[in-house]
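The numbers in our numbering rise by one with no breaks, and the one at position 4 of the sequence shown is 14.
Treat the hints as calculated values from the structure; they're not laboratory data.
Only a predicted model underlies this, so the values are computations on that prediction, with no experimental measurement involved.
You can take every hint at face value.
In silico lysine-lysine, DSBU-like type, Cα no more than 35 Å apart, as pairs:
# : residue 1 : residue 2
1 : Lys-12    : Lys-69
2 : Lys-40    : Lys-69
3 : Lys-75    : Lys-12
4 : Lys-75    : Lys-13
5 : Lys-75    : Lys-40
6 : Lys-13    : Lys-69
So the derived label-pair ranges between C-beta atoms look like this:
#  : residue 1 : residue 2 : range
7  : Thr-43    : Lys-13    : 40 to 48 Å
8  : Met-14    : Thr-43    : 39 to 47 Å
9  : Thr-21    : Asp-71    : 16 to 24 Å
10 : Arg-70    : Ala-42    : 17 to 25 Å
11 : Tyr-15    : Ala-45    : 35 to 43 Å
12 : Asn-73    : Asp-41    : 16 to 24 Å
13 : Leu-28    : Gly-82    : 18 to 26 Å
14 : Asn-38    : Ala-59    : 16 to 24 Å
15 : Ile-16    : Asn-48    : 30 to 38 Å
16 : Asn-48    : Gly-74    : 14 to 22 Å
17 : Ile-16    : Thr-43    : 38 to 46 Å
18 : Lys-12    : Lys-40    : 40 to 48 Å
19 : Asp-31    : Gly-82    : 18 to 26 Å
20 : Met-11    : Asn-48    : 33 to 41 Å
We put the beta carbon where it would ideally sit given N, CA and C, even for glycine.
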Amino acid sequence: MKKMYIDQIHTGLNTLALSMDAQWFGMNRKDATEAQRNACEGLYQGYIAAICMMGGDWKRDQNGKHRIFLAGLSSRDVDEYNEED
11 MKKMYIDQIH TGLNTLALSM DAQWFGMNRK DATEAQRNAC EGLYQGYIAA ICMMGGDWKR
71 DQNGKHRIFL AGLSSRDVDE YNEED
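Please build the complete structure, drawing on both the sequences and the hints.
Shown next, in the form of structure tokens:
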């Protein structure tokens, strides 16, 4: 695969991970209304479904930060993830 395509996929995975971070934060805000939480959860679940349908995987750390994995690529330039996490 050409480097340009790999870079585009990596950028997309990173953007998706940041979007998942934002929705996770929105779902867990103490001052959010039920409607806001539901909207965030709907988007969050949609992201998860899309990742899984494409054959990817995702992880969330204890701080609510997400990592996306697809076709051997990760949402991070350097990823400390291993299968034992």
